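Novice: Below, each chain spelled out in residue letters.
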Amino acid sequence: MHAFIDKAGPWLRRRAENVIVGLFAILFVAFLVQIVFRYLLNFPIGWTSELTIVCWLWLVLFGAAFVVRESEEIRFDLIYYAVGDRTRRVMALVTGFSLIGLYVVSLPAVWDYVTFMKVQKTAYLKIRFDILYSIYVVFVLAVLARYAWLVHQAIRGKAPAGFDAEKTGSGL
Amino acid sequence: MNLASPFAFSIYAIVFLSLLGLPIGHAMIGGSILYLLLVGQDMGIAAEQLLNGLYTSFVLLAVPLFILAAEFMNSGSITERLLRFCDAIVGRFRGGLAHVNVVQSIIFAGMSGSAIADAAGTGKMVQAMMTKDGRYPPAFAAALTAATAVIGPIIPPSIPIVIYALVSDTSIGYLFIGGIVPGVLIGLAQMGLIASIARRRNFPVEPPVPLRDLPRITLRAFPALMMPVVLLGGIYSGVTTPTEAAAVAAAYALAVSVILYRNLGWADIYRSLLVSARTTASIGMLIAGALVFNYVVTSENIPKALSLYLKAYEFSPLVFLIAVNVLLLVLGCLLEGTTILLIVIPVLIPTAEALGVDMVHFGIVVVINVMLGLVTPPYGLLLFVMTNITGVPLRDLVREVLPFLWVMIGALAAITLVPDLVLFLPKLMGYRGAP
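Chains as they are written, first to last, in the numbering used here: chain A, 1 to 172; chain B, 1 to 435.
Hints may contain errors.
From the structure, some residues in chain A lie toward chain B, with a derived Cβ separation under 10 angstroms [claimed, not checked]:
id, residue
1, Trp11
2, Leu41
3, Asn42
4, Phe43
5, Pro44
6, Ile45
7, Leu57
8, Ala65
9, Asp85
10, Val110
11, Val137
12, Val138
13, Leu141
Simulated from the structure, these hints should not be mistaken for lab results. Source: prediction; values computed, not measured. Backbone N, C-alpha and C fix where the C-beta goes; we use that ideal spot for every residue, glycine too.
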């Protein structure tokens, strides 16, 4: 099992990276198409701005679910990285169980909301909102899996990794 | 406030989970779910707020695009050409490279919206130039690089300004132009300090670049120097929205690097997209958490209540602004800046409005505070980045950065006391000011 994860993990991670790079590239190009059409050809089109915002939504949630590493998360790390491995393991257990509990409790309501949105479609591309918003369900499931893994690691005695400022995801 | 109310429990949960190191975005979503659970509301509201919030915040798209523009800039040779240009202008003074460090930050600030990106990109290069052959003490060079990177997001484009515009509903265009004078002012304050330190510590002078070479060096850097013109020109002429201007800026940086300077391949482009997409996802997560939590705060009417409470004391706007400065500088020592912008500022905005504080002035003051938070110990991301890059111990770095921090706080005080330092340019462009 672990050997399989060690091998498949990096491969899957690269594919997930391909996905967010693709989404970002589409977002970027759609913006440029929009500007060209509106200002150079004097022919405003609406679907490009819809496409950009769809890509942005998916980029954030897909990226947060599958690409962002633990070391890149924005967290209050003054205490987290100051304590020893043992304490950090306990902290990881407490936060992991709390988050899993809260996300699991909300999952049925999330499912109801997303499936309910099938009644609406986006204005230009006519994407059904339940399909568009389904990424949130994927996101919640991925977060549950990630935290289950972190809790599992903490129980087995492996503390979460240390701090690397250059990798932090802050955009400031 | 009731200390056992659902809202109080939600706050406890968020603070507790954040202190234990849960990513803040998740802590806010989790705390909000707890709130909905306790008050018996539909927990699907959390999903609704998050999804609809992200789907309708069109202005936020500027954030990934500004990150991308800076990435393209840093991967090409634009940086190196700009450094040559800065050296030709200020290298001839005592402490020349230190002045170069400030000037490149001011120029680069007109292209990049992120201080961390500046420090890790151009900052890293200029820091290496300064410490080559032991010309400058490494701790001084690293501290200076951290301090000058602060200017980046004060001068437009700016990621924190975009986030402030989102939470305060203020015009990005006026905020951007309002940041120019304060950003330059902070740079000048730093150069004043360098001039005095340079004499005392006898810093080296660069061999002066002959003035007749200046046109050639300027020409080589010219396409890069035009970037702020393209960006701000697009916004102020009304040709593009700020978000579209961000896309144009990224496209311009890409075009200059690929076509003109011919040093950006497919692999670099892919890498730039990936780095930007990663950062986008992790900030996006924080924003998503704040969107959900804002629902809780709004349904509890907190900002309004605070504004009524504070208004009863009849503070003058100035007293309020000074209090905000102190509060934000203290919070900046402990918290990451985006978190402050997304959580603390929305609570303060109704009070600022009620007291008649100008929202553009307030925004720039807030952003400067948040940027100073990046160099204030114990938690200062720029300090951490510079220790990582240079290996200078944090203690030495902090000692060298403190004088810079003081002059920057001095500049901040001036900007707080004299709103026209911020508002002069926006008013020229037709800004009418607070109602």
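Novice: Confirm or reject each hint.
Specialist: Against the structure, the hints come out as follows:
Checking tryptophan 11 of chain A against chain B by beta carbon gives a least distance of about 16 angstroms; that is not within 10 angstroms, so the hint is violated. Violation of the interface hint for leucine 41 of chain A is found here, the shortest Cβ-Cβ separation to chain B being roughly 14 angstroms, above the 10 angstroms cut-off. Because the smallest distance between the Cβ of asparagine 42 of chain A and any Cβ of chain B comes to about 12 angstroms, over 10 angstroms, the interface hint for this residue is violated. Residue-level restraint check for phenylalanine 43 of chain A is violated (minimum Cβ-Cβ distance to chain B is 16 angstroms; threshold 10 angstroms).
This hint is violated: proline 44 of chain A has a C-beta 12 angstroms from the nearest C-beta of chain B, more than the 10 angstroms allowed. Violation of the interface hint for isoleucine 45 of chain A is found here, the shortest Cβ-Cβ separation to chain B being roughly 13 angstroms, above the 10 angstroms cut-off. The beta carbon of leucine 57 of chain A is positioned within 10 angstroms of a beta carbon in chain B (closest approach about 5 angstroms), and the interface hint is therefore held. The interface hint given for alanine 65 of chain A holds, since its Cβ lies 9 angstroms from the closest Cβ of chain B, which is under the 10 angstroms cut-off.
Below 10 angstroms, beta-carbon pairs count as interface contacts, and aspartate 85 of chain A has none with chain B, the closest being about 13 angstroms; its hint is therefore violated. For valine 110 of chain A, the interface hint holds, the least distance from its beta-carbon to any beta-carbon of chain B being 5 angstroms, beneath 10 angstroms. Checking valine 137 of chain A against chain B: minimum C-beta separation of about 9 angstroms stays under 10 angstroms; hint holds. Using the Cβ-Cβ criterion of 10 angstroms, the hint placing valine 138 of chain A at the interface with chain B is not satisfied: the shortest such distance is roughly 12 angstroms.
Here the hint on leucine 141 of chain A is broken, as its CB sits about 13 angstroms from the closest CB of chain B, past 10 angstroms.
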